[in-house]
Each structure stands twice: as C-alpha cells, then as structure tokens.
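Undergrad: In terms of the working numbering, the sequence shown opens at residue 13 and continues consecutively.
Heads up, some of the hints might be wrong.
[Stated by the list, open to error] Straight-line Cα separation of at most 35 Å, DSBU-like style, residue types lysine-lysine; simulated pairs: (1) LYS24 to LYS46; (2) LYS46 to LYS20; (3) LYS20 to LYS33; (4) LYS33 to LYS46.
[To be verified] Estimated spans, in silico, between C-beta atoms of each pair: (5) ARG35 to LEU58: 14 to 20 Å; (6) ILE15 to GLN71: 29 to 35 Å; (7) GLN71 to ARG40: 31 to 37 Å.
Source of the hints: derived by calculation from the structure; they are not laboratory data. Since the model is a prediction, treat every value here as computed from it, not as a measurement. Ideal placement from N, C-alpha and C gives every residue a C-beta, glycine not left out.
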Amino acid sequence: EEILTELKQVVKELREEDSTKRRIAAARLRSLAKDDAEARGTLVMLGAISPLVGMLDSQD
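With the sequences and hints as input, model every part of the structure.
TA: Here it is, written out as structure tokens:
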C-alpha cells in the first residue's frame, strides 16, 4: 500500500505546471519502476504514460 501511495504521488507530480517538478517526478518514477514490473503496470493504470510523452514534446 505504501508503494501505491508513492506511485500515485509521482503521477500527480508528473502533471505539475513546473517543469523542474515534472523532471524530478520522472526521475523518481524511473527509480521506482526500474526493477519492478508490478510498479510499471500500476503506473500505466494510474495514467503515467501520457504526461511522460508530453514531457518529450515539451520545450523545457
């Protein structure tokens, strides 16, 4: 349950207006999901992909 709370927070931070906060959240996401297939699946269900793709298109 603790990891789920953390994943939800990271996804929320990926949607922040501040690009620095988004980059920090993306780095945290990478760390949390790197070796954890279950966390990766949860992140997909929580909607993390769209904001990550949006970061690729960003000028920041």
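Undergrad: Are any of the numbered hints broken by this structure? If so, which, sorted upward?
TA: 7
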